[in-house]
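A.B. asks: Residue strings, one per chain:
Protein chains: 2
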Amino acid sequence: MDSYIEIIGFVAAFLTTAAFLPQVYKTWKTKDVTGLSLPMLAMFFVGILAWLVYGLLKDSPSLIFANSITLVSSFILVYFKIKYHNK
Amino acid sequence: MDSYIEIIGFVAAFLTTAAFLPQVYKTWKTKDVTGLSLPMLAMFFVGILAWLVYGLLKDSPSLIFANSITLVSSFILVYFKIKYHNK
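So the sequence lines, in the order shown, correspond to chains A and B. If you're matching positions, the first sequence starts at 13 in this note's numbering and goes up one per residue. If you're matching positions, the second sequence starts at 13 in this note's numbering and goes up one per residue.
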C-alpha cells in the first residue's frame with residue numbers, strides 16, 4: 013500500500029520538477045531575469061525549503077526527492093537574479 | 013507533534029502558492045501566454061493533480077490545501093494558453 017502511494021508521489025515529483033526545469037535552463041541560457049521578481053523567488057525558495065523539512069518530518073520520499081531538486085533549481089534562479097540584477 | 017509538522021507544511025504551502033499566484037494574475041491581466049509552453053503547462057497540471065492524490069492518500073492537510081489552490085491556478089493557465097494560442 014505504501015509503495016503504491018509513493019509511486020503516485022514520484023509521478024507527481026517527476027512531472028512538477030520536469031515542468032520547472034525548462035524555466036531554469038532558459039534563465040541559465042538567456043541570463044534574462046527581468047520577468048522574475050526577487051521577493052517572489054526568495055519566497056518560493058524558503059517555501060521549497062519548508063516543503064523539504066515537512067517531507068523529512070512526514071517521512072515522505074517523494075517530497076524529499078522533488079524538493080531537493082527544486083531547492084537547487086530555485087537557488088540557481090535566486091543567484092542569477094542577484095547576479096544579473098542591473099541588466 | 014503532528015500539528016507542529018503541519019504548521020511547517022502550511023508555511024510551505026502558503027509560500028509556494030503565494031509565489032505562484034502573481035504569474036497567474038499577470039497572465040490573466042496581459043493575456044500574454046507566449047512565454048508558456050502547453051506541454052509544460054499540461055505536465056505541471058497533471059503533476060499537481062498527482063500531488064493532490066498523494067496528499068489525500070498520505071493524509072496530509074498541507075499537501076491537499078496547497079495543491080487544490082495550485083490545481084485551479086494551473087488550470088487557468090492551461091485555459092488561457094489554449095484560448096490565446098494564436099496571439
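Calculated from the structure, these hints are not laboratory results. Here the structure is a predicted model, which is why all the values come from computation and not from measurement. Glycine is no exception: its CB is placed at the ideal position from the N, C-alpha and C atoms. Where hints are given, some of them may not hold.
Which chain B residues face chain A? A few, computed with CB under 8 Å, are given here [stated by the list, open to error]: (1) Ile17; (2) Ala24; (3) Ala31; (4) Pro34; (5) Leu50; (6) Met52; (7) Val58; (8) Ile60; (9) Ala62; (10) Leu69; (11) Lys70; (12) Pro73; (13) Tyr96; (14) His97.
A.B. asks: Each of the hints needs a verdict: does it hold here or not?
C.D. replies: Tested hints:
Because the closest C-beta pair between B:Ile17 and chain A is about 5 Å apart, less than 8 Å, the hint holds. Satisfaction of the interface hint for B:Ala24 is found here, the shortest Cβ-Cβ separation to chain A being roughly 3 Å, below the 8 Å cut-off. The restraint placing B:Ala31 at the interface with chain A holds, with a minimum CB-CB distance near 4 Å, inside the 8 Å limit. The restraint placing B:Pro34 at the interface with chain A holds, with a minimum CB-CB distance near 6 Å, inside the 8 Å limit.
With 8 Å as the threshold, the beta carbon of B:Leu50 stays out of range of chain A, its nearest partner Cβ sitting at about 11 Å, so the hint is violated. At about 5 Å, the closest approach between the beta carbon of B:Met52 and any beta carbon in chain A falls short of 8 Å, and the interface hint on this residue holds. Because the closest C-beta pair between B:Val58 and chain A is about 6 Å apart, less than 8 Å, the hint holds. A hinted interface residue such as B:Ile60 counts as satisfied when its beta carbon comes closer than 8 Å to some beta carbon of chain A; here the least separation is about 7 Å, so the hint holds.
Taking 8 Å as the C-beta cut-off, the interface hint given for B:Ala62 holds, the closest approach to chain A being about 3 Å. The beta carbon of B:Leu69 comes within 5 Å of a beta carbon in chain A, closer than 8 Å, and the hint placing it at the interface holds. A distance limit of 8 Å between C-beta atoms decides the matter here; for B:Lys70 the minimum to chain A is near 6 Å, and the interface restraint holds. Because the beta carbon of B:Pro73 sits about 11 Å from the nearest beta carbon in chain A, more than 8 Å, this interface hint is broken.
Interface restraint check for B:Tyr96: the shortest CB-CB distance to chain A comes to about 17 Å, outside 8 Å, so the restraint is violated. For B:His97, the interface hint is violated, since its Cβ never comes within 8 Å of a Cβ in chain A; the closest pair sits about 19 Å apart.
Comparing the model with each numbered hint stated earlier shows that hints 5, 12, 13 and 14 do not hold.
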